[in-house]
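Take the sequences, apply the hints, and build the full model.
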Amino acid sequence: MTGNTRQRVPSVEGFFTIGDEPHLIGGRLADSGGYCFPLHLGGSDPRNPAGEVEEVALSRTGLIWSFTNSTYPPPPPFIITEPYVPVVVAAVELELEKMVVLGQVAPGWTVDDLEVGMEVELVTGVLHEDEECEYLTWQWQPIGDRPVSGGGDSDG
Amino acid sequence: MDELAILGVGMHPWGKWGRNFTEYGVHAARLALADAAVDWRDVGFVSGAITVRCGYPGYVSGSTFARALGFTGAQVASSYAACASGVTALSVARGQILSGACDVALVVGADTTPRGFLAPAEGDRPDDTDWLRFHMVGATNPVYFALHARRRMALYGATPEDFAMVKVKNSRHGVHNPNARYPKEYGLEDVANSPMVSDPLRLLEICATSDGGAALVVSSMDYARSLGVRDPVRVTGISTVTPTYPDTVIDLPYLATDSAAGTEAPDLGFKESIVARAYEEAGMGPADMDVAEVYDLSSALELDWYEHLGLCEVGEAESLLRSGATSIGGRIPVNPSGGLGAFGEAVPAQAIAQVCELTWQLRDQAGGRQVEGARVGVTANQGLFGHGSSVLVRR
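Going down the list, the sequences are from chains A and B.
Each residue of the first sequence is one higher than the one before, starting from 1113 at the first, in the working numbering.
Each residue of the second sequence is one higher than the one before, starting from 21 at the first, in the working numbering.
Treat each hint with caution, since some may be false.
As the list claims (entries may be wrong) - Only some residues are given here: those of chain A computed to face chain B with a beta carbon under 7 Å: (1) Asp-1132; (2) His-1135; (3) Gly-1145; (4) Leu-1153; (5) Thr-1180; (6) Pro-1187; (7) Met-1211; (8) Val-1212.
Since the hints were made in silico from the structure, they are not lab data.
None of these values were measured; they are calculated from a predicted model.
Cβ coordinates follow ideal geometry from the N, Cα and C atoms, glycine included.
Written as structure tokens, this is what we have:
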């Protein structure tokens, strides 16, 4: 990737920030004090019928609630980069928000490296790319040493 | 709530036949009408469960089936509620019957499915959580199933062998079912040797997508009596509840759970609440059940249902399975039909098929998979976007 001047952009805008300490863009419900993610698709609180949601940065760290992978390539609109490396997915509990958020696990980590209860932080990683851009998604990355089997290109 | 009589049931065998879904639905409907000894022209209401994979005729499935059977001027409706569509169609029929709008109704669901993963509708739709979970995460349906399986392992010490045992049990039941797509007995080694799909779940533990059709003829109790039917199987509870905020368990197709930061989570989780409503309508509880048909979208999810149904305490499902209680011949057989493991899922037909199976069980017509002396049974089903269903039937 030396000399790579491609722009790094979220694959879909409005879900997370990019930069040194990326965070998910969530919502805080004005009336009840609950949270939601995504900001505009997450609310189902009947005490918040007006739908007033304040944009907030969700916690950058959490604990793995559960995890798995997909050994077969997911169908479109997932965009496969060949050769396909199994996507690893974690559901992560955020303590302050008292909610669980799904996300890919950063490259280089397999299900054998993960445990329920493990602490992870939010990073961004490449979902797919073309000649002009790297399209990013949010990913969960265990806090601590990279696994021996590692070798991904997450920028966390 | 007044009860409904189930006058007739019918199914088209599940498979990968690749024919028009209408054919399966009409086949099932004709069998159900014959089973009921009700003339099609006497049916006052047709309640179709929608398929979203077969074009416009699928969106108006009630009308599609009615036309194929011959338009008679019957009233019609079509319902979609993901995997719970079939029971939603049944609940609409119940409303028509109990309001007096009709005496007898036909409920039909059928599907023709593509191979492989169920994928979202095409197009670029970043405001659709079903699109986003595939695009941004790669979270297929088996990914969600596996998150729940892994959670059981972490919380209750479940093992991959426990999950495989569910598949083995259901395959032993399914060999006796002429409508099953996979009437084959599998062993633990077969499961262990099948490819990993979403760790810890293997291919044989994840429900396939199937073609199939199922139908019910239901009526008021008075109408049943007028036909001389004295002791029909009855629908005594139907639940199609939505979750109660905050739903704190991750489920299809969402990227996150609700938050319990501002509102305490309800006593019953969503899946418990689905079943609780059916129990409440029927005035019965888990101890009254003789047989259950539950949605084993994965082997491990069947274990979750034991607990949601109250068949055992939370964390005890593996013990219940290993005791043999949920096998035919046990205390509370689960999925005597063979379940989704033996069928694969024909989405709009599946929840109806669960009711067909319980009807045969309660009539003592289930052949080699008969649960002896079954008088009361319950179904449990889940769909995406906060859908789920449960039907309680009794003799």
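Cross-check of the supplied hints:
| no. | hint | in the structure |
| --- | --- | --- |
| 1 | Asp-1132 | violated, 21 Å |
| 2 | His-1135 | violated, 14 Å |
| 3 | Gly-1145 | holds, 3 Å |
| 4 | Leu-1153 | holds, 5 Å |
| 5 | Thr-1180 | holds, 4 Å |
| 6 | Pro-1187 | holds, 4 Å |
| 7 | Met-1211 | holds, 4 Å |
| 8 | Val-1212 | holds, 5 Å |
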